[in-house]
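Given the sequences, and given the hints that come with them, work out the whole structure.
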Amino acid sequence: MPATETLEEAKRLMQICNACRYCEGYCAVFPAMTKRLDFTDGDVTYLANLCHGCQGCYYACQYAPPHEFAVNVPKTFAELRAETYRDYAWPGIFKGVFEGNAKWVALITVLATLVTVFLTYWIQGADVVGGVHTGPGAFYKVIPHNVIVYIASVPFFLAMIAFIVGIIMFWRDIGAKASDLFSIPNLIQASKDVGKMTYMAGGGHECNYPDDNFSHGRRHAHQMTMWGFLLCFAATSVATIYHYVFGWEAPYGYFSIPVILGTVGGIGIVFGPIRLLMIKKKADPAPQDTKRHGMDIAFLWMLILTGITGLALLALRETAAMGLLLAVHFGIVLGLFITFPYGKMAHAVYRFAALIRFAGERRTS
Amino acid sequence: MLTGVKTDVTIIAPVMILVTEHKLPPPEFSRSYDVLVLGAGNAAMAAALTARRAGASVLMVESANKDLRGGNSRHVRNIRYTHKAATDYVTGGYEAAEYMTDLMRVTDGNTNEELSRFMIEASETAVDWMIEQGVTFQPPLSGTLGLARTNAFFLGGGKAMMNAYFRTCEKIGVAVVYEAEVEELEIEDGRFNAAFVRHGGELHRVEARTVVLSSGGFESNIEWLKEGWGEAAENFLIRGTPMNTGKVLRAMLNNDAKQIGAVDQCHAVAIDGRAPKFDGGISTRVDCVVFSVVVNKNAERFYDEGEDVWPRRYAIWGRLVAKQPDQIAYSIIDSKSRGLFMPPVFPPIKADTIAGLAEQLELDGTKLEKTISEFNDAVQPGDFVHTELDGCHTEGLEPKKSNWARKIDTPPFYAFPVKTGITFTYLGVEVNKQAQVLMNDGKPAANIWAAGEIMAGNVLGQGYAAGTGMAIGTVFGRIAGEEAARHARN
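Quick note, the sequences are listed as chains A and C, same order.
Quick note: the first sequence uses the working numbering, first residue 789, plus one each step.
Quick note: the second sequence uses the working numbering, first residue 793, plus one each step.
Don't read these hints as lab results, they were simulated from the structure.
Any given hint could turn out to be false.
Claimed, not checked - Taking lysine to aspartate or glutamate pairs in the DMTMM-like style, the calculated list, with each CA pair at most 25 Å apart, reads:
hint	chain 1	residue 1	chain 2	residue 2
1	C	K1069	A	D1072
2	C	K858	A	D1072
3	C	K1142	A	D829
Claimed, not checked - One-sided excerpt, in silico: chain A residues whose CB lies under 7 Å from chain C:
hint	residue
4	E812
5	P854
6	A858
7	G991
8	E994
9	D1000
Said to hold, decoys possible - Interface residues of chain C toward chain A, partial, derived using beta-carbon atoms under 7 Å:
hint	residue
10	A856
11	D859
12	R866
13	H867
14	G949
15	N955
16	P1068
17	S1129
18	L1132
If you're wondering where the values come from, they're calculated on a predicted model, not measured in any experiment.
Here a beta-carbon is modelled for each residue, glycine too, at the ideal position from N, C-alpha and C.
Structural data, given as structure tokens:
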């Protein structure tokens, strides 16, 4: 963990906040802060990742600019989080992807999609790709099931490995006990806090948006996105069980479990991110890390594209457009998986880790 | 009286708001408002919102810009109010009688008892009223400084509270003009005609049927402070807004309003000497005094640091330091005491020897070593308990230290420079129970009310109990707003 200006600024702010403590009712950051007297690099990295960016503490701050203390916790912590995602990226050679992240994500996704479409046409031929296929196994006439599973698994499991390595380094650097990471009560509590996005609610009256006003908008849009994503993941998992356990081949009926989960989830990852993009555009830039909005926006677009192509595939799966749509959707999902550890998806991983630690600290205090 | 206030808010107000909402023109100084509110802190808001909900047209004149709006209320954190039982925000009941006892104790009886009793009883509806105005409170948490039973804490503190008030102003049509400073008042025979307001480089004559004075005290007017403190006031730090220059108060006194309170009475605490001249707020307090040895610039002790628990003593230390040469002192601890008190906003000055510390503080090293060693020699054995009066004291030392006296002998040694920090002033205008300003002939002014710091001296002749200022502001602000609206509409 390199010493950066952002770390020093975060330490300066925590020293001021710890002498004031007016914001203790907003979220987990301030109760966690009060357990400390001095702040190490690891402490502020942990606190930054505990912050959900609700901005309540910024608008409430008597020391916010133009006060000479110039306290802006949400902005500084957002910067520090972005540095966290970069510093714990593994393998380290990919850290550079966090500079100009949107460009990289776009490039990788476009490449993945073009290659998929090209290979599909080249190997299967235009007649097969452009044909109408129905009944069990219809998709696999365009791209064989094993190909889908093997090719998608590679970036997915590489992403999981990258995140596991990242968490181990993060956990060590923030000075947390290894046993806390695997404590069942901690995991349950952190999952609850994620499920409800407790700390995005700014002490109960929601985020400040677009200025010092309060709005449920951001948390609701985030919940739609997060639950949409999880439902899509669940849809894929159920489909996998159908395939391997029961030998039922996709496509499944419109009212089958995988399709219902995927449809609801797909709508979530389209409309949730659209709402988040609109909020980002309208919101007061002062408490935000506007320099790195590219990373956020790229990730939101990845989810939107994944959702739109998935829903289009569902709607048009019995037409001649299915082959091309399947290849495009598959390409975009590959792009999403490949860029998981090198983009905004990292926020979910380190936020969850920070919440696990906070659950432990709260239990033992 | 109080049921009256409640009725106005809940029944009349929605009707009046429906009739008048969004029909007000943008603030124009040329039109005559029903109620002109000077200032934009908690008391001003209580007056403005109450008057508006009673159907009056209201203009608020705020000298600060939007970022620094809300006077000293921007720095507050809680309100001390009468309540019968625990609620979501307090851990237990705090009856009027106990509140009164506390007030009598801190002011040493230096209060208008009738007005104080009235204020304390009326404070019972203050928190509910604030919630109706959009203010949010937090549950009693660990950091509530031993006030969790008596005081309700604003979620996010005073600035969050002020943001909520300003949002409500916008919603119900209270006109607010920022960067507008009242220079002078036009008053004839106890009757307010107009205020002269400087805004955008011009002086405007602003007429209104009634006026509420809620523009704070005069603590940021160093020249005025000197009338009470002499040249020492030059070295004072002002914990709150630089806008409280007391122009409105001075104008009232010049226009024959009856003065209350002495010019040197104020809330003066010991704060970190490195704090900004203004607006340092809560974080600059120094909480280690009781565990330390405090010396002046001659490296001499001057008061019993361990006389009582810190919350009961911190308000006297501002005055003590003000009487020392150059109005500065140094609170010195050793490593044993670190972590026993609220962490400081500025890191302590640190050295491995007393002489090293003296060098950094620019004190006479030999003298400081002598003071510390005399202190150490006088410390009697005892069981140190930092959370209560532990009786660990000195013998044969002048001044003695009555509690928490431990040898300063374990390096590293730490020091905090300490200066006098003025929170608010008590000299103000005298009022009656209707918050009407009293004139020197003893009669109430026809159309002038006052609320908040400008009249706090009626209740607080001296001393302070946390959260009382908010209670005074809310109670008298609501009454002032109600009375002014009634007067203007008749």
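Comparing the hints with the structure gives:
For the proposed pair K1069 (chain C) and D1072 (chain A), the alpha carbon gap of about 30 Å is over 25 Å, so the pair is violated. For the hint pairing K858 (chain C) with D1072 (chain A), the CA-to-CA distance comes to about 15 Å; that is within 25 Å, so the pair holds. Annotation: proposed proximity of K1142 (chain C) to D829 (chain A) holds, straight-line Cα distance about 21 Å (limit 25 Å). Interface restraint check: E812 (chain A) against chain C, minimum CB-CB distance 5 Å, threshold 7 Å, status holds.
Because the beta carbon of P854 (chain A) sits about 6 Å from the nearest beta carbon in chain C, less than 7 Å, this interface hint is met. For A858 (chain A), the interface hint is violated, the least distance from its beta-carbon to any beta-carbon of chain C being 12 Å, above 7 Å. Given hint, G991 (chain A) at the interface with chain C, holds; its Cβ is 5 Å from that chain's nearest Cβ, closer than 7 Å. With its C-beta approaching chain C no nearer than about 11 Å, E994 (chain A) sits outside the 7 Å limit, and its interface hint is violated.
A hinted interface residue such as D1000 (chain A) counts as satisfied when its beta carbon comes closer than 7 Å to some beta carbon of chain C; here the least separation is about 5 Å, so the hint holds. At about 11 Å, the closest approach between the beta carbon of A856 (chain C) and any beta carbon in chain A exceeds 7 Å, and the interface hint on this residue is violated. The criterion of a C-beta within 7 Å of any C-beta in chain A is met by D859 (chain C), whose closest approach is roughly 6 Å, and the hint holds. For R866 (chain C), the interface hint holds, the least distance from its beta-carbon to any beta-carbon of chain A being 5 Å, beneath 7 Å.
Interface hint at H867 (chain C): satisfied, since its Cβ lies 5 Å from the closest Cβ of chain A, which is below the 7 Å cut-off. Of the supplied interface hints, the one on G949 (chain C) holds, with its beta-carbon coming within about 3 Å of a beta-carbon of chain A, less than 7 Å. Because the smallest distance between the Cβ of N955 (chain C) and any Cβ of chain A comes to about 5 Å, under 7 Å, the interface hint for this residue holds. With a cut of 7 Å, the hint placing P1068 (chain C) at the interface with chain A holds, because the nearest CB-to-CB distance is about 6 Å.
Taking 7 Å as the C-beta contact cut-off toward chain A, the hint placing S1129 (chain C) at the interface is violated, the least distance being around 12 Å. At about 10 Å, the closest approach between the beta carbon of L1132 (chain C) and any beta carbon in chain A exceeds 7 Å, and the interface hint on this residue is violated.
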